[in-house]
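Student: We have chain L already, so just place chain F on it with the hints.
Chains L and F supply the protein sequences, listed in that same order. Read in order, the letters of the first sequence correspond to residues 101 to 336 in my numbering. Read in order, the letters of the second sequence correspond to residues 101 to 336 in my numbering.
None of these hints come from the bench; they were simulated from the model. Model, not experiment: these values are computed from the prediction. No residue lacks a Cβ here, since even glycine has one placed at the ideal position from N, Cα and C. There could be a bad hint or two in this list.
Which residues of chain L face chain F? A few of them, derived with a C-beta cut under 7 Å, are [what the hints assert, rightly or not]: (1) LYS235; (2) THR270; (3) LYS272; (4) GLY313; (5) THR321; (6) ILE324; (7) ALA325; (8) MET329; (9) TYR332.
Residue-level listing of the chains:
2 protein chains.
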Amino acid sequence: MQRYFSNIKEGNEYLLSNDDAYHIKKVMRMKIYDKIEIVDNKKVYLCEIISFEPVKAKVIKEINEIHDNKHQIIIVQSLVNENKMDLILQKGTELGMTSFYGYKAINSVVKENDKSDKKIIRWQKIVKEASEQSKRNDIPNIDGIIDIKGLCEVKADLKIILSVKEKSNTLKKVLQKNSMCDTMIIVIGPEGGFEDSEENKLIENGFIPTTLGNRVLRTETASIACLSMINYEWMV
Amino acid sequence: MQRYFSNIKEGNEYLLSNDDAYHIKKVMRMKIYDKIEIVDNKKVYLCEIISFEPVKAKVIKEINEIHDNKHQIIIVQSLVNENKMDLILQKGTELGMTSFYGYKAINSVVKENDKSDKKIIRWQKIVKEASEQSKRNDIPNIDGIIDIKGLCEVKADLKIILSVKEKSNTLKKVLQKNSMCDTMIIVIGPEGGFEDSEENKLIENGFIPTTLGNRVLRTETASIACLSMINYEWMV
Numbered sequence: 101m102q103r104y105f106s107n108i109k110e111g112n113e114y115l116l117s118n119d120d121a122y123h124i125k126k127v128m129r130m131k132i133y134d135k136i137e138i139v140d141n142k143k144v145y146l147c148e149i150i151s152f153e154p155v156k157a158k159v160i161k162e163i164n165e166i167h168d169n170k171h172q173i174i175i176v177q178s179l180v181n182e183n184k185m186d187l188i189l190q191k192g193t194e195l196g197m198t199s200f201y202g203y204k205a206i207n208s209v210v211k212e213n214d215k216s217d218k219k220i221i222r223w224q225k226i227v228k229e230a231s232e233q234s235k236r237n238d239i240p241n242i243d244g245i246i247d248i249k250g251l252c253e254v255k256a257d258l259k260i261i262l263s264v265k266e267k268s269n270t271l272k273k274v275l276q277k278n279s280m281c282d283t284m285i286i287v288i289g290p291e292g293g294f295e296d297s298e299e300n301k302l303i304e305n306g307f308i309p310t311t312l313g314n315r316v317l318r319t320e321t322a323s324i325a326c327l328s329m330i331n332y333e334w335m336v
Numbered sequence: 101m102q103r104y105f106s107n108i109k110e111g112n113e114y115l116l117s118n119d120d121a122y123h124i125k126k127v128m129r130m131k132i133y134d135k136i137e138i139v140d141n142k143k144v145y146l147c148e149i150i151s152f153e154p155v156k157a158k159v160i161k162e163i164n165e166i167h168d169n170k171h172q173i174i175i176v177q178s179l180v181n182e183n184k185m186d187l188i189l190q191k192g193t194e195l196g197m198t199s200f201y202g203y204k205a206i207n208s209v210v211k212e213n214d215k216s217d218k219k220i221i222r223w224q225k226i227v228k229e230a231s232e233q234s235k236r237n238d239i240p241n242i243d244g245i246i247d248i249k250g251l252c253e254v255k256a257d258l259k260i261i262l263s264v265k266e267k268s269n270t271l272k273k274v275l276q277k278n279s280m281c282d283t284m285i286i287v288i289g290p291e292g293g294f295e296d297s298e299e300n301k302l303i304e305n306g307f308i309p310t311t312l313g314n315r316v317l318r319t320e321t322a323s324i325a326c327l328s329m330i331n332y333e334w335m336v
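For reference, chain L alone in the conformation it holds in the complex:
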C-alpha cells in the first residue's frame, strides 16, 4: 500500500502535502475511499481518502509496526554533483541512514554557494519520497552543509572516516570492536579523496580511519556499500 508522511491533522483527518496530493491524483490515479498509509511521528495509520480538493484522508486504525532504527547512523557526504548526491540520498534512505550532512571537503568539486538553501530543500524532498517508497516510519534528518570545524563538533559514539590511505583497519574490525554504539557518524570523501591535513585533523578529533577493502570505489558507491555492510553486520 502507498505510504505518505503528514503531521497536519484536524480531528481524525490528515491533510496531504501538495507533492503527495499530486502523486495521489496524477501518478497513482486514486479514487475516493482508496486506502493509503499515513505516517505521523513514527506511527503508521491505515487511512482512506475522503476528499481531493484538498487531498484529505481519514484514519481507519493504527497499524502496529516494529521500529527498526535502534541505532542512529549519520552520513556525512562530501559535496558531489547533483546526480550522485540524489543517488546517495535515495539509497541511503532505503538503507537506513537517520541523519545526513553535506560536507565542504577541500577537494569537493562542487562548492557550497548561494544555492545551498535550494539544495537542502531538494535533499529533503528526495529523502521524504524515498522514505515513503521504502516504507520507513521516519524520514532522515537533513542537517545542512558543514565544514571541517562543524564536522569536528558533531557528537557520536563511533566516528568513522572512510580513508583510501588506510589499508588494515577494515570496517569489519571497527564495527565488531564497537558493537554497543548507539550513534555512529561516517564521513565519505570527495572524488579526489581527502587532503592529508584534513584527514589528520579529523583523526585528531576522534575519527577512525577505516577501509572498505582493496576495491577502488567511487564516492557514491562507498557511501551505499558502507551502509549495506552495516546492515549486514547487524543482520542475525
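Tutor: Same frame as chain L, but now just chain F:
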C-alpha cells in the same frame, strides 16, 4: 594512473580501442610519452603512449598485482529500465561481480526484444569502462539474456534467490553456512517481485530463497547491497 584494457599486441606495443583512444585524446588530453596502465589477460603493464594515429602504447614493465577474485560471483538481474541497469552494471563491476546475465522475469517491465544485441553491446561497454575506472584486472563477462529454463541450467556451488517472501533465512546465515563455495549465483527479482510459480521453480532447481533483512529495497539497491554484503563477509 589511468587504466585501459587491450589484447591487440604487436611486439611490445599495444593498440587501444576506438573508445579508449577517444578517452586518451579528448577526455584525458594525454601527450606522447604519458604513462598509462594496460591490462591484458589479467596482467597489468606500465606503458607509455608512443603514437596517436592510431593510439599505441609501448610496454615499459609488468606491474605485479594481487588478484583478488578467488570467488566467482554471477549476478542475474531481472530486466529493468536502462538507467537502473546501467547503475547495476557499473556498481556491480566496482564491487567485484565476475559474470552477469539479464533475466527475463515474468514481471519484468522491460521485455527482451529485437534490441537485445544492442543492449548487450551497451552492457559490455559499461563494464569495461567501470573495470578501467575501478582498476580491476579483469572485465566481468556479459553472458547474455536468459529465461527461467536457461537460469536453471547455470552451474554454481551456491545458488541464491533474493526473495521478499523469505523472512528468516538471511544472507548472513546463507553465506556463513557456505563459506567454502568457489562460484555463487545471485538472482535479483524485478520491481514487482518474482511470481510464486517462478520462485518455486527456482527453489526446486536448487536456489536458496534469501533475505537482505526487513528493509524495502528497490531492485537496483538490492543488487548493489548484496554485493557489498558479500565483500563484507569476506573482509578480514
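Student: All hints are to be evaluated individually against the structure, with a verdict given for each.
Tutor: Hint check results:
no.	hint	in the structure
1	LYS235	holds (5 Å)
2	THR270	holds (5 Å)
3	LYS272	holds (4 Å)
4	GLY313	holds (6 Å)
5	THR321	holds (5 Å)
6	ILE324	holds (6 Å)
7	ALA325	holds (4 Å)
8	MET329	holds (4 Å)
9	TYR332	holds (4 Å)
Of the hints listed earlier, there is not a single one the structure fails to meet.
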